[in-house]
Amino acid sequence: MPREWWRVRWGIFGCLFGFAIFGYVQRTGIAIAAARMVPELGLTQIELGGILNAFLISYTLLQLPGAMLGQWLGPRRTLGLVGIVSAAAACSTALVPAGEAGIAVLSPASLVDDVTAALTDAGIAFGVATRRGLEADVSVVPVDLAKGLELDGVVLVEPARILAEERQGLRALYVALTRSTKRLTIVHAQPLPEALVDRVDNREMFG
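Counted the way the numbering used here counts, the sequence shown spans residues 1 to 207.
Incorrect hints may appear among the rest.
What the hints assert, rightly or not - Taking lysine to aspartate or glutamate and the EDC-like style, the derived pairs with C-alpha atoms no more than 16 Å apart in a straight line are: (1) LYS147 to GLU47; (2) LYS147 to GLU166; (3) LYS147 to ASP113; (4) LYS182 to ASP144.
Unchecked claim - Restraint ranges, calculated between C-beta atoms of paired labels, are given here: (5) GLY123 to ARG27: 47 to 53 Å; (6) LEU52 to LEU192: 50 to 56 Å; (7) PHE17 to GLU165: 35 to 41 Å; (8) PHE19 to LEU192: 39 to 45 Å; (9) LYS182 to LEU119: 45 to 51 Å.
Keep in mind that the hints were calculated from the coordinates and are not lab data. Cβ coordinates follow ideal geometry from the N, Cα and C atoms, glycine included.
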């Protein structure tokens, strides 16, 4: 009996320790990932703070309901249920779609009307992006709405004007250039920004 009692005791301790570590990693892991999330999604520090606060607020609000659930179901059932739900929720993140599949025509705000007119004249069915997202296979997207999007293909219109017209031009251009997961096409009449010219030259040199 004493040996079995110790085995159960250490088993419970191991579960508690594992759940504590699991919860800690879930709460703090996003802060570590933020270094790559911020430039990739074009987040501001205020937006990142809102994401981090969402974890803290939800964690705080669930303290009392969690205690009440433990009182109602008992500690063993509560620990088992919390572990299963937490593991299922963590695994389900892999099932979230990577982003909107399709094609976006990213344009400076000053050229959106010209781009839509050109697509209409060409007989191409398209939609215009809003802050709620994209609703068509081909969408005209003002560059200030591009952050957070992932698409199969991107047509980038006049990067030099994006650099000149946007308040944070270099950052906006970076966001626009990194929205495509497969194909990126640049359409321009004005000379390309110097940073892009260097990149294109290097690609041509090394194949």
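Evaluated hints:
1. LYS147 to GLU47: holds (12 Å)
2. LYS147 to GLU166: holds (14 Å)
3. LYS147 to ASP113: Violated. LYS147 to ASP113 sits at ~21 Å, over the 16 Å cutoff.
4. LYS182 to ASP144: The hint is violated at about 21 Å.
5. GLY123 to ARG27: 47 to 53 Å: holds (52 Å)
6. LEU52 to LEU192: 50 to 56 Å: violated (37 Å)
7. PHE17 to GLU165: 35 to 41 Å: violated (55 Å)
8. PHE19 to LEU192: 39 to 45 Å: For LEU192 against PHE19, whose Cβ atoms are near 53 Å apart, the range 39 to 45 Å is violated.
9. LYS182 to LEU119: 45 to 51 Å: violated (21 Å)
Checked against the numbered hints above, the structure violates hints 3, 4, 6, 7, 8 and 9; every other hint is satisfied.
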